[in-house]
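J.: From first to last, the protein sequence lines stand for chains C and W. Counting in full-length UniProt numbering, the final residue of the first sequence is number 372, and the numbers go up one at a time with none missing. Counting in full-length UniProt numbering, the final residue of the second sequence is number 372, and the numbers go up one at a time with none missing.
These are calculated hints, taken from the structure and not from any lab test. Where hints are given, some of them may not hold.
No distinction is drawn between identical chains; accordingly, a pair holds when it is met within one copy or between any pair of copies.
As the list claims (entries may be wrong) - Dumping the calculated DSSO-like pairs for lysine-lysine here, alpha-carbon to alpha-carbon at most 27 Å: (1) LYS289 <-> LYS184; (2) LYS326 <-> LYS55; (3) LYS184 <-> LYS55; (4) LYS343 <-> LYS261; (5) LYS326 <-> LYS372; (6) LYS289 <-> LYS343.
Keep in mind that this is a model prediction, so the values were computed, not measured.
Protein chains: 2
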Amino acid sequence: MQLSRSAQLRAPGVAKRVSRARVAVVKAAKTADGPRVAIVGITGAVGQEFLTVLKERNFPYSSIKMLASARSAGKKQEFEGVSYTVEELTENSFNDVDIALFSAGGSISKKLGPVAAKAGAIVVDNSSAFRMTEGVPLIIPEVNPEAMSHIKIGKGGAIIANPNCSTIIALMAVTPLDRVATVKRMVVSTYQAASGAGAAAMEELRQQTRDVLDGKPAQPKIFPQQYAFNLFSHNSAMDVELGYNEEEMKLVKETRKIWGKPDVRITATCVRVPVMRAHAESINLEFEKDISEAQALEALAAFPGVSIINDRTNNRFPTPLDATTKDNVFVGRVRRDISREDKRGLDLFVCGDQIKKGAALNAVQIAELLLK
Amino acid sequence: MQLSRSAQLRAPGVAKRVSRARVAVVKAAKTADGPRVAIVGITGAVGQEFLTVLKERNFPYSSIKMLASARSAGKKQEFEGVSYTVEELTENSFNDVDIALFSAGGSISKKLGPVAAKAGAIVVDNSSAFRMTEGVPLIIPEVNPEAMSHIKIGKGGAIIANPNCSTIIALMAVTPLDRVATVKRMVVSTYQAASGAGAAAMEELRQQTRDVLDGKPAQPKIFPQQYAFNLFSHNSAMDVELGYNEEEMKLVKETRKIWGKPDVRITATCVRVPVMRAHAESINLEFEKDISEAQALEALAAFPGVSIINDRTNNRFPTPLDATTKDNVFVGRVRRDISREDKRGLDLFVCGDQIKKGAALNAVQIAELLLK
């Protein structure tokens, strides 16, 4: 599917609209035999990031359709030197679509995901609507690509679910260790960025911070608590009986499904911190077998999509800013758990961009698997 | 030692300098038979908070001496309607002092703490200099007051150590649970405020945040990493062999000493977050015996200095802002650990003001124990 640059320039529709000067900086991937792509929720933070990632990865597509609610229909969306018109999302949007990247919230996915699949599209859904549905693969391409190997373009529509951001970021770091020594139990505490609640939440953090620095009261709108210079328990719905919120239960249930290990034991405390777009997670692990720090670092280094920052001498470990806008998940603070007398415990600290690997990048990687 | 307001007004030295109008709003605690107090490091964040706490708690003192480095000597310090002159800290500063509240860093404590004790003062030291020294009591007044019961004003000098902020805040929440079901193991992840690194660190957070919001680059000075909208592994010195930093090892070692339980198992990951002055901690606990959520909440409610915010229905739990400038430590997210099949695990989330209960308040409470 990869075309040379000159072949790309010959692709229909591109040469006509794009000047030579602009093409020089454009990694155009429009290609006649590529899949027909639709983006559902193009005006959102993740929708916009889909475009960034498609471009960065030179994703080959033959056409791309920008879909959003009626409110945004008619707006212009530039992409790779072409000006697209945002179309209203309807039940008829998917008749000429091979891959539909959905990120417009759970209720739209629930309503239109099955419609798109019935029309023949393969839906890669970034919402939580179908993640735990039996028969819907829940995929991190580096972790469990085999779970979607039966789904192929042109062989009928389907839905594939993108896991929750916290799950993806945790499992990118923990899966290579699980393969060495088998994870028995995980204790996770998260430090989650504003972006998980969308672009408006990022703007709320900026605005509140400005106000507080100016001596004005913070005005919480999206979050119930002051966000500037503060942190709070994740604002997802809580299971009043159990005392866990949805974000925490996603980490538990999605990990079990992705790993195919219904018995793996996980507890999590999910916390929103005043950081823009990369999550951090402090993870304590118990293994079935012995694992040394050296073995852990070796397994992490060999795993695609993982970068290690683990410099004890200079006290340099991953931060959210290291991960911001980066594809890789960053792992550090890898150490033997001193609260255990055996060699079956490790602590680590992980950072990953919530919008990229936590959402748009993982979804586009799933789309790439479909091209293989 | 508690005097009535009218008795306080008659106390020598007060009536002369303070007008009646001002006295009305001053909780003057100056009293002829109170201890002679010295504050070492009066210009620092904790030094200033000592004054706030002494005033709030109506601490009875007969005299108060404001000590700082030569650089600050001669400056004026207002307190309870009286203008004091800051004196230079020397080896001769302690000849007429009963209680010396030290918060001027470890090296000054190491040098002058023993000098003050030799001169007959009881040193309450907020640094880490003597915390692990055998024979030096390490005290949280609500937790282990008995460990300092042999120390009395006028019976010779001594050193009492104030634990590290993260230890105090964790143990205020965990001690009542330990008394019910005996803690076997703790997994702690912290969310630590700027104030732990002093007033200049708080200003660095403010300035960097302003710069970043204005589109300028952040200029890290005190911390090696950008602090604005970022977080990073605690900047204390790291044991390169173990992979734990000093802040984490303080939590391990100080807990063992305070509880008198050399075998209690603890692992910690300490992280600095962009919050001003209250720490948060996510704590996972394993107990020797069964403990229910109801038992845990009952024990927490009965423990002095603990407030519970644990409203699952409204998703309302402690935040650093709830704890800011407050005496109490706030506990919430109290729940059975679902990663365990038995009834011997709990998760909780704790917030406490780093400058108050984490430092100045705990030290003044130690001083109050000396008055009993």
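J.: Which earlier hints can't be squared with this structure?
T.: 3
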